[in-house]
Amino acid sequence: MYRNILEYLEQTVRRVPDKAAYADERTSITFREVYDQSRAIGTYLYKQGIYKQPVVVFMKRQPKTIAAFFGVVYGGSFYVPIDEEMPHFRVELIFNNLDPRAVICDQDSLDSLAQYGYRGIVYLYDDIIKTEADDALLSDIRDRAIDTDPVYIVYTSGSTGIPKGIVGSHRAVIDYIESLSEVLEFSEDTIFGSQSPLYFDACLREIFGTAKFGAQTYLIPRSLFMFPLKLVEFLNEYKINTICWVVPALTMISSFKVLDKVVPQYLHTIAFVSEVFPIKQFNIWRKALPNARFVNLYGPTEATGICCYYKVDRDFAENEVLPIGRPLRNTEIILLDENNRIPPRGELGEICIRGTCLTHGYYNDMERTREVFVQNPLNDKYPELIYRTGDLGRINERGELIFVSRKDFQIKHMGHRIELGEIEANVNLIEGVHSACCVYDRESAMIALYYVGELSPGDVAAILKQKLPRYMMPNIIEALDRMPLTTNGKIDRAYLKEYTENKRKRR
Amino acid sequence: MDTLLRMLKGLHPDVDFETCETLIDDKILDSFDIITLVADINSEFDVTIPAEEIIPENFNSARALYALIERLSNED
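Each protein sequence line maps, in turn, to chains A and B. With my numbering applied, the first sequence corresponds to residues 1 to 507, in that order. With my numbering applied, the second sequence corresponds to residues 1 to 76, in that order.
Worth double-checking, as some hints may not be accurate.
Said to hold, decoys possible - With a straight-line cut-off of 25 Å between C-alpha atoms, the simulated DSS-like cross-links for lysine-lysine are:
(1) A:Lys497 <-> B:Lys27
(2) A:Lys497 <-> A:Lys465
(3) A:Lys490 <-> A:Lys503
(4) B:Lys27 <-> A:Lys230
(5) A:Lys60 <-> B:Lys27
(6) A:Lys465 <-> A:Lys412
(7) A:Lys503 <-> B:Lys9
Said to hold, decoys possible - Ranges of calculated distance between the beta carbons of each label pair, as one might list FRET restraints:
(8) B:Asn74 <-> A:Val452: 43 to 53 Å
(9) A:Arg406 <-> B:Asp16: 32 to 42 Å
(10) A:Val321 <-> B:Pro56: 34 to 44 Å
(11) B:Asp25 <-> A:Leu455: 26 to 36 Å
(12) A:Arg482 <-> B:Asn74: 39 to 49 Å
(13) B:Pro56 <-> A:Pro377: 49 to 59 Å
(14) A:Asp99 <-> B:Asp46: 50 to 60 Å
(15) B:Ser73 <-> A:Gly399: 49 to 59 Å
(16) A:Asn330 <-> B:Ser43: 27 to 37 Å
(17) B:Asp16 <-> A:Gln107: 24 to 34 Å
(18) A:Glu92 <-> B:Asp16: 26 to 36 Å
Honestly, the hints are just simulated from the structure, not real lab data. Each residue gets a CB set at the ideal place from its N, CA and C atoms; glycine is no exception.
When you get a sec, could you build the whole thing from the sequences and use the hints?
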């Protein structure tokens, strides 16, 4: 029975101290180094009076950044990953929400930190790892730790334009890693190829899965996801056998027919998340790797990461969809209709999650937390929270859960979760823009932005790039003379959606 | 070349594609753009870009990309 994620690392460092735990093309860090450096960081932070609070880790995506995460946790605090790839404006919003007292930087990020108006303390990674670890102090910190204490905060898109910081606890992460590793059969032989940035929850399974099993994680350079042939060559070069990627990263490889030329020969476990895998592309993968294990994963950041899985066990025709299957062990999925009742089998309901996997909600935002982390409406006898995902699902005739759609304007685009409202809120902030509306054309996977204002689309794009992460940038930006309105005077989204579809068909 | 420039401009109205030589190096194009471009080039120019040509050097500038399209259409 684990109570603290550091126990994973401590158990593994005794067994395989000199094995490389985390690596990229240039550098790697062994379990011993992770252990030593993170204990040094923990000792240092605590002695500086940093305890039980968010510590920003503002470093590039590299192996030692992960050691910094562990270090923050050793000090009894929780880490908040930030990256230079995140746009300036967004980092400012995060700093506002977080009001951190301490930031850990590397030499490269130190200079850019100055731009964000942050005035707290800055620690340089390479300096603080020289601290001598204080065994008595670290064990005292551990004695006072509770498994509901936070491990991390990761930020996700918020419809009001302000990102939401999701607080994950030891207990939730342990529950997640224990049950996911059963499904995907992680072991000491697992070599992960990690696709996600370190500032998303998606990397938790690789970071803590590696720590638990003494496995290995390669951080794959982001740029390779544009060049599919090189990407597969990378997988082969580093003998990567397990991937948990967003669907577009996989379809990029199959749609360019890369698998005809080179096959990722070591891959035996292919898990995919974030959106529906088009069956045509999926079947190309399955044909290329007939002996591999394919697993569809589903889950919101609010429930730590993944809460449902489906191990592909039959053939699918192009008009079928892959189920999201069944919940991980120790998690329950409840479908609820508009009246908060369980719909008849086969009918639509909102996917709601019950279990230890629930995070604590949104940092410094009780109000938005209470909107979605709510009392289980099926239980009026004692307090019990469920998380309302806003996703609609149904149970198929085999008893498997199927994802159907969203209730609101949240979309999945290139594997990222995006609130169209956040894009609109940012466009509406631009001087010279009078109104704006974003729609998503699922068929072409394009975000279209329509606005009324004096600025050219080029100007709007240039301003938005300062504010939004790259993946949230609209793919179509068009100025309109006047915004189409419904009879109620609201922006006519349905019309704009149809307009976008027609535009696509004309191309 | 004009068709290609129009295509690129559609993806990033704020970028000067006639002069920019670092579309990949400076992370101006992302994987979504590459997918869109390869599909659009296929329909507009009737040229299929094979996987081995989807490499940084061919996408770093409009000029390089156009040279690739010309080379591939001559091979057909």
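We went through each hint and held it up to the structure:
1. A:Lys497 <-> B:Lys27: This hinted pair is violated, its Cα atoms lying about 29 Å apart.
2. A:Lys497 <-> A:Lys465: holds, 23 Å
3. A:Lys490 <-> A:Lys503: holds, 22 Å
4. B:Lys27 <-> A:Lys230: Since the Cα atoms of Lys27 of chain B and Lys230 of chain A sit roughly 17 Å apart, the hinted pair holds (cutoff 25 Å).
5. A:Lys60 <-> B:Lys27: With Cα atoms ~16 Å apart, Lys60 of chain A and Lys27 of chain B stay inside 25 Å; holds.
6. A:Lys465 <-> A:Lys412: OK: Lys465 of chain A and Lys412 of chain A at ~19 Å, within 25 Å.
7. A:Lys503 <-> B:Lys9: At roughly 16 Å apart (the allowed maximum being 25 Å), Lys9 of chain B and Lys503 of chain A satisfy the hint.
8. B:Asn74 <-> A:Val452: 43 to 53 Å: holds, 46 Å
9. A:Arg406 <-> B:Asp16: 32 to 42 Å: holds, 37 Å
10. A:Val321 <-> B:Pro56: 34 to 44 Å: holds, 35 Å
11. B:Asp25 <-> A:Leu455: 26 to 36 Å: The hinted range 26 to 36 Å holds for Asp25 of chain B and Leu455 of chain A, with Cβ atoms some 28 Å apart.
12. A:Arg482 <-> B:Asn74: 39 to 49 Å: Since Arg482 of chain A and Asn74 of chain B have Cβ atoms about 47 Å apart, the given range 39 to 49 Å holds.
13. B:Pro56 <-> A:Pro377: 49 to 59 Å: holds, 53 Å
14. A:Asp99 <-> B:Asp46: 50 to 60 Å: holds, 57 Å
15. B:Ser73 <-> A:Gly399: 49 to 59 Å: With Cβ atoms ~53 Å apart, the hint holds.
16. A:Asn330 <-> B:Ser43: 27 to 37 Å: violated, 49 Å
17. B:Asp16 <-> A:Gln107: 24 to 34 Å: With Cβ atoms ~33 Å apart, the hint holds.
18. A:Glu92 <-> B:Asp16: 26 to 36 Å: holds, 28 Å
In summary, the numbered hints that this structure violates are 1, 16.
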